[in-house]
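Protein chains: 2
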Amino acid sequence: MADLRKDPVTGRWVIISTERQKRPSDFHVETVTTKGDTLCPFCQGHEDKTPPEILAYRNGGGWDVRVVPNKFPALRVEGDLDREGEGLFDRMNGIGAHEVIIETPHHGQTLATMGEPAIEKVFWAWRERVLDLKRDIRLRHIVIFKNHGASAGASLEHSHSQLIALPIVPRELKEELDGAKRHFLQRERCVFCDIVRQEGRDGTRVIAESADFMALAPYAPRFPFETWLMPKRHRSRFEDTTPGEFASLARMLKDVLQRMNTTLLTPPYNLIVHSAPLHDEPGANDFYHWHVEVMPKLTRVAGFEWGTGFYINPTGPEEAAEVLRKAKT
Amino acid sequence: MADLRKDPVTGRWVIISTERQKRPSDFHVETVTTKGDTLCPFCQGHEDKTPPEILAYRNGGGWDVRVVPNKFPALRVEGDLDREGEGLFDRMNGIGAHEVIIETPHHGQTLATMGEPAIEKVFWAWRERVLDLKRDIRLRHIVIFKNHGASAGASLEHSHSQLIALPIVPRELKEELDGAKRHFLQRERCVFCDIVRQEGRDGTRVIAESADFMALAPYAPRFPFETWLMPKRHRSRFEDTTPGEFASLARMLKDVLQRMNTTLLTPPYNLIVHSAPLHDEPGANDFYHWHVEVMPKLTRVAGFEWGTGFYINPTGPEEAAEVLRKAKT
Numbered sequence: 117m118a119d120l121r122k123d124p125v126t127g128r129w130v131i132i133s134t135e136r137q138k139r140p141s142d143f144h145v146e147t148v149t150t151k152g153d154t155l156c157p158f159c160q161g162h163e164d165k166t167p168p169e170i171l172a173y174r175n176g177g178g179w180d181v182r183v184v185p186n187k188f189p190a191l192r193v194e195g196d197l198d199r200e201g202e203g204l205f206d207r208m209n210g211i212g213a214h215e216v217i218i219e220t221p222h223h224g225q226t227l228a229t230m231g232e233p234a235i236e237k238v239f240w241a242w243r244e245r246v247l248d249l250k251r252d253i254r255l256r257h258i259v260i261f262k263n264h265g266a267s268a269g270a271s272l273e274h275s276h277s278q279l280i281a282l283p284i285v286p287r288e289l290k291e292e293l294d295g296a297k298r299h300f301l302q303r304e305r306c307v308f309c310d311i312v313r314q315e316g317r318d319g320t321r322v323i324a325e326s327a328d329f330m331a332l333a334p335y336a337p338r339f340p341f342e343t344w345l346m347p348k349r350h351r352s353r354f355e356d357t358t359p360g361e362f363a364s365l366a367r368m369l370k371d372v373l374q375r376m377n378t379t380l381l382t383p384p385y386n387l388i389v390h391s392a393p394l395h396d397e398p399g400a401n402d403f404y405h406w407h408v409e410v411m412p413k414l415t416r417v418a419g420f421e422w423g424t425g426f427y428i429n430p431t432g433p434e435e436a437a438e439v440l441r442k443a444k445t
Numbered sequence: 117m118a119d120l121r122k123d124p125v126t127g128r129w130v131i132i133s134t135e136r137q138k139r140p141s142d143f144h145v146e147t148v149t150t151k152g153d154t155l156c157p158f159c160q161g162h163e164d165k166t167p168p169e170i171l172a173y174r175n176g177g178g179w180d181v182r183v184v185p186n187k188f189p190a191l192r193v194e195g196d197l198d199r200e201g202e203g204l205f206d207r208m209n210g211i212g213a214h215e216v217i218i219e220t221p222h223h224g225q226t227l228a229t230m231g232e233p234a235i236e237k238v239f240w241a242w243r244e245r246v247l248d249l250k251r252d253i254r255l256r257h258i259v260i261f262k263n264h265g266a267s268a269g270a271s272l273e274h275s276h277s278q279l280i281a282l283p284i285v286p287r288e289l290k291e292e293l294d295g296a297k298r299h300f301l302q303r304e305r306c307v308f309c310d311i312v313r314q315e316g317r318d319g320t321r322v323i324a325e326s327a328d329f330m331a332l333a334p335y336a337p338r339f340p341f342e343t344w345l346m347p348k349r350h351r352s353r354f355e356d357t358t359p360g361e362f363a364s365l366a367r368m369l370k371d372v373l374q375r376m377n378t379t380l381l382t383p384p385y386n387l388i389v390h391s392a393p394l395h396d397e398p399g400a401n402d403f404y405h406w407h408v409e410v411m412p413k414l415t416r417v418a419g420f421e422w423g424t425g426f427y428i429n430p431t432g433p434e435e436a437a438e439v440l441r442k443a444k445t
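Those protein sequences? They're chains A and B, same order as listed. Letter by letter, the first sequence follows residues 117 to 445 of the numbering used here. Letter by letter, the second sequence follows residues 117 to 445 of the numbering used here.
Same shape as in the complex, but just chain A (with noise of 0.2 Å):
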């Protein structure tokens, strides 16, 4: 018998098809490798191939990180932002930010198999682009998201994540917030907090835990072995985290993609980084709680996703969370 199961925040209910299960190695679509590329724009001695660079963290010669516009932006930083009706209809002109964090000099390195203290410096990279672009007051909200693999939406194969800068704040993020701030009426606590306290105690969704993170598989996934990066401790926004917890969080989320890598054979995934709009009212540190989401591309999403924004899910999260728990790193 299947299972019916509503996000806590959000109020999105999955289905958990227990009829369709399917092992891990059931889900192969693709296993990610580079295969090399002479050409790579994303490569040490190709930065002429780039648009100007925005950012760059130095080593003597060469660079670790190195941050620049998007060739074909979806929104641009020039102009003024025009907002205007049509009728029924509303509109305004494409002002923002589109950025890509090249987040290694090398081309057959990722996330999972770079060094911690290389990872923690993608972390600074996004940290230091936010706080930037944060000063202009036209921008809402800043999604930061990476698309690893071409099944998930990736275009070149050099390891690299994006930065999008948005006049608006987007409808996932705004119900977020919404049913964030509802338990936090009711009850006056974050629910997030609530999830990883409670998570914490029954364990069976719990995947790995450090000191300042716990990685788990939500009770209510879209998809397989979907697994969010919780800190334990309550901060609204990416950009506010210390030093330390960049650390333990590279450490974390390296832990995870090989644990991925291991069970599900280097997977194609997605990962975003959830937080708070850039300028919202004060208090809002009280109600939201920033976390990173990990997708691996194991399944095609089809009609009946899109017509409804209800997902079938064939792998229950306590079996996904099992089963990467166990997993070698």
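Rather than coming from a laboratory, the hints here were simulated on the basis of the structure. Treat the hints loosely; a few may be bogus.
Note that identical chains are pooled: a pair holds if it fits in a single copy or bridges any two copies.
Distance condition first, Cα-Cα at most 20 Å in a straight line; then the derived EDC-like pairs of lysine to aspartate or glutamate [what the hints assert, rightly or not]:
hint: 1; residue 1: Lys122; residue 2: Glu291
hint: 2; residue 1: Lys122; residue 2: Glu202
hint: 3; residue 1: Lys297; residue 2: Asp206
hint: 4; residue 1: Lys297; residue 2: Asp310
hint: 5; residue 1: Lys297; residue 2: Asp402
hint: 6; residue 1: Lys442; residue 2: Asp142
hint: 7; residue 1: Lys444; residue 2: Glu325
hint: 8; residue 1: Lys250; residue 2: Asp196
hint: 9; residue 1: Lys348; residue 2: Glu361
hint: 10; residue 1: Lys297; residue 2: Asp396
hint: 11; residue 1: Lys370; residue 2: Asp180
hint: 12; residue 1: Lys165; residue 2: Asp180
Given chain A, put chain B in place with the hints provided.
Relative to the frame of chain A, chain B by itself:
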């Protein structure tokens, strides 16, 4: 410069990113063909390979449309609906129904190539199953959808659609209902009727029009060439449609699919029927308006979209409508 646009019903924002603009032929991911399959469980003569039939429209010795339970159902009708809390979390067991509508006895036929009377019979089968399942008061909503082609999630190539009956109203529909209700409370008019009127006057996003239906590229489409078939007569539920309208819808759907096939090289697609919940409050008929959404599967949905519920679409609806309007049928 990109355009940010807001859907007037759901409040969903999209980026129409002209920087990334592509011609229709650049999108080519898959041309859906039927390879033929002597073992296909949906072909005439293989009726013993499906679970026992729920409904069939017979003709002499054969049949035109058959409905069977899904062999690996996401939900089942048997049992009682148990609702349960687990600390912060909510769950219920998977009560519902999951059926497959086999649209034609012939392996090589599709909704674009079948005759209009044959397509109309598919709609009658959808309607008949909805009216039957509706008598089960545990069920709140029925989603009728179609995944056509492997990239759109179809696991069998023989033309078929599916129906999932749910004990909850899914989030996407809830948002549509809320948005439509908000509009109605403000203006005493159906937002979809307003859209049909405004689009009819404007014309730039209209793909085709008949006495009963308008095919249009929505103002804020999530995907390139996304197309909505809007009934001109206000009605909240698909199943309340009249025979004449079904004939008209068959004509319009075939026409739109043929236009997509010539322009986009017989693309994979998802089709979803949007209709009011089964047992909604009296007066719901005034604000919600059923319709059909067709989304050719031409692009990959990546991390940014998952993280934000916010879509980047490289093709503006005005351009998509123009291409489809001029396409050969």
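To see whether the hints hold, each was checked on the structure:
1. Lys122 x Glu291: both (14 Å within a copy, 16 Å between copies)
2. Lys122 x Glu202: between (37 Å within a copy, 11 Å between copies)
3. Lys297 x Asp206: between (27 Å within a copy, 18 Å between copies)
4. Lys297 x Asp310: Within. Shortest intra-copy distance 13 Å satisfies the 20 Å Cα cut-off; inter-copy 34 Å does not.
5. Lys297 x Asp402: Within. Shortest intra-copy distance 9 Å satisfies the 20 Å Cα cut-off; inter-copy 32 Å does not.
6. Lys442 x Asp142: within (18 Å within a copy, 44 Å between copies)
7. Lys444 x Glu325: within (15 Å within a copy, 60 Å between copies)
8. Lys250 x Asp196: within (16 Å within a copy, 52 Å between copies)
9. Lys348 x Glu361: within (10 Å within a copy, 57 Å between copies)
10. Lys297 x Asp396: For Lys297 and Asp396, the Cα distance is within 20 Å only inside one copy (12 Å; across copies 28 Å).
11. Lys370 x Asp180: within (17 Å within a copy, 55 Å between copies)
12. Lys165 x Asp180: within (17 Å within a copy, 59 Å between copies)
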